[in-house]
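J.: Okay, here's what each chain looks like letter by letter:
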Amino acid sequence: MVILTANNLHKRYQLGKNNFVHALRGASLEVVKGEMVAIMGPSGSGKSTIMHLMGCLDRPDEGHVQLSGRRVDNLSGRELTKIRGKEVGFIFQGFNLIPTLSAADNVSLAAEYAGTSRRKARDAADAALADVGMGERLNHKPSELSGGEQQRVAIARALVNDPRIVLGDEPTGDLDTETSDEIIEMMRKINEDNDTTFVLVTHNPEISDACDRVIHMRDGQVTDS
Amino acid sequence: MRTIRNVFRRKLRAFLTISGITIGIFALVVMGAMAEKITLLVDGGTEFYKDKVTVTEGESHGLGGDPMSVEKIRSLENMDEVAVASADISITLEEEMSATFGMPDLITGTDMRGQDLETFPISFADGRDLTTGDLGKVIIGSDLVKKLDGRVGNTITVRGREFEVVGVLNKTFSMPDKTVYMNLSDAQDIFYETLPEFIRPNLDKTNLATGGTIYPTPGTDPDQLADKITAMDNNLEAVGPQKFQDNIAATTGIFTMIVYGVALISLVVGGLSVINTMTMSVYERTREIGIRKALGASDGMIIRQFLGESGFIGLMGGLLGLGFGAITISLLNKWGEASGNQIFLLTNRLVIGSVVFAVFLGVASGLYPAWHAARMNPVQALRHE
Chain A
1 MVILTANNLH KRYQLGKNNF VHALRGASLE VVKGEMVAIM GPSGSGKSTI MHLMGCLDRP
61 DEGHVQLSGR RVDNLSGREL TKIRGKEVGF IFQGFNLIPT LSAADNVSLA AEYAGTSRRK
121 ARDAADAALA DVGMGERLNH KPSELSGGEQ QRVAIARALV NDPRIVLGDE PTGDLDTETS
181 DEIIEMMRKI NEDNDTTFVL VTHNPEISDA CDRVIHMRDG QVTDS
Chain B
1 MRTIRNVFRR KLRAFLTISG ITIGIFALVV MGAMAEKITL LVDGGTEFYK DKVTVTEGES
61 HGLGGDPMSV EKIRSLENMD EVAVASADIS ITLEEEMSAT FGMPDLITGT DMRGQDLETF
121 PISFADGRDL TTGDLGKVII GSDLVKKLDG RVGNTITVRG REFEVVGVLN KTFSMPDKTV
181 YMNLSDAQDI FYETLPEFIR PNLDKTNLAT GGTIYPTPGT DPDQLADKIT AMDNNLEAVG
241 PQKFQDNIAA TTGIFTMIVY GVALISLVVG GLSVINTMTM SVYERTREIG IRKALGASDG
301 MIIRQFLGES GFIGLMGGLL GLGFGAITIS LLNKWGEASG NQIFLLTNRL VIGSVVFAVF
361 LGVASGLYPA WHAARMNPVQ ALRHE
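Here the protein sequences come in this chain order: A and B. Per the numbering used here, the very first residue in the first sequence carries number 1; after that it's consecutive. Per the numbering used here, the very first residue in the second sequence carries number 1; after that it's consecutive.
Hints were generated in silico from the structure; no laboratory data involved. Careful, some of the hints might be misleading.
Said to hold, decoys possible - Computed footprint of chain B on chain A; a stretch qualifies when at least three of its residues, placed anywhere within it, have a C-beta under 8 Å from a C-beta of chain B: (1) 49-57; (2) 86-95; (3) 108-115.
Note that the Cβ used here is the ideal one computed from N, Cα and C, for glycine as well.
Construct the entire structure; sequences and hints are all you get.
T.: Given below as structure tokens:
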């Protein structure tokens with residue numbers, strides 16, 4: 001079953017007054033439910049942009065995006081916000097945890113944004129953190145955690161609302177090789193155990209090796225999937 | 001908790017911003033307490049004047065006027081509209097007018113002819129009311145108890161003469177608090193000696209007054225009566241309720257506006273500092289806002305978060321300003337108690353109003369930065385370094 005479809009996407013960003021970047025020039029791809037897919041390509045090939053559009057963070061200038069059979073590129077900002085909260089999980093490079101919040105609060109915040117009550121959100125956060133082996137470090141601030149630990153918290157945060165799809169932007173970008181391998185293994189295990197769909201934008205060949213399929217991009221187009 | 005942690009993420013900046021609001025609210029509370037006291041004084045005056053007319057002769061000095069004769073005041077009782085005309089003497093308690101803030105303490109002597117018609121509510125904390133036979137006796141206002149050591153039964157010295165205190169009034173937050181009441185003839189003795197020696201021989205001491213209090217007959221409009229008295233004898237200055245409002249309340253109203261104006265200016269400065277702080281905070285946390293939006297935070301949630309933080313800054317500044325203000329007011333009032341000069345009054349509405357206003361100021365100042373944060377494009381916010 002196809003869970004995510006990107007069809008002929010175009011996106012231009014304006015940097016200066018007459019300075020446009022044509023980030024996507026007719027990119028198309030499909031992701032099947034339960035797949036773990038890597039998107040690879042040189043810098044500027046549009047792989048982050050396509051991830052943002054698939055994750056409902058932005059809208060394409062042209063083309064369609066479908067998530068679970070529903071077209072999302074023409075939805076209002078309010079509806080996109082709801083989809084981001086409930087149906088998509090994000091893992092970013094550099095972890096992107098909120099520095100003033102504990103591990104548990106970082107995770108439960110995502111559940112609260114999705115509409116879960118504060119108490120239930122906290123329970124869900126504790127469970128999600130236990131699943132990624134962080135059950136002992138619930139109340140630590142990000143600054144008190146190692147890079148690998150922070151990325152585990154970020155993974156728990158991406159999974160806490162049981163999303164249809166998890167999108168990762170260079171999820172191992174700031175990690176050393178050993179920790180990077182641990183994180184890849186963990187994502188693979190979650191994918192296999194829970195049938196969670198992963199789409200990971202990366203430069204790291206270890207990730208692409210671990211994935212079911214690799215999508216290559218160049219100059220704003222998908223060259224090979 | 002999360003709000004508090006976010007506010008104190010930059011401790012020095014949070015402290016400085018809260019201090020800005022604190023100073024503003026402090027000014028509002030202290031100056032507002034001064035205005036509240038004056039307002040009460042005026043309200044008391046308005047209450048006192050609401051059903052009567054006061055008459056003075058020649059130039060009015062605000063407190064009584066030039067000497068006039070008791071006979072002339074009593075003759076007003078010949079008018080149909082006048083029930084009783086009582087002759088009074090009002091002079092300052094101190095011989096030298098010292099530079100005090102607010103109203104000076106007074107001596108009021110009255111012939112008590114209007115006592116039965118008086119509607120101004122006065123009650124006794126201790127002792128009893130004065131009667132016409134009580135020569136050498138006084139009742140005093142509550143602010144003067146400490147200053148004159150005037151407990152019931154004590155003998156106090158007023159303008160060099162000794163009087164026995166027979167009653168102490170309850171606090172009215174108005175003119176009676178600062179007044180020594182005595183019989184007209186006692187006041188005539190005192191007033192006579194304040195007059196220049198060369199005019200004394202021509203005066204009948206028992207016919208001396210500084211003004212009269214005219215109680216109209218039921219159904220008579222005191223303002224119309226005042227106009228009629230002035231029209232009848234243009235040496236007489238008759239003040240009814242409306243004119244009192246126009247004269248006194250209007251002037252003190254301007255004073256009150258100045259007082260609140262100064263306080264408001266300092267609050268505008270505090271508000272600008274909150275805007276500055278929140279704008280900086282939003283800018284620094286651009287990436288965090290991007291993360292929150294990626295996680296599904298709606299615009300409303302982002303706005304609520306930042307308004308919560310700016311409102312909290314306002315609340316802290318409000319509580320601290322109120323606290324410092326209340327301490328200052330109580331110290332100044334304690335210090336002024338000895339001289340019977342308590343010029344501050346911290347009313348409930350001022351307490352509640354100042355804190356509510358501080359929170360409102362914080363929230364209002366946070367509106368633009370919060371709106372700006374909510375409107376950010378999540379992709380651009382996430383790219384922000």
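J.: Which numbered hints turn out to be false for this structure?
T.: none
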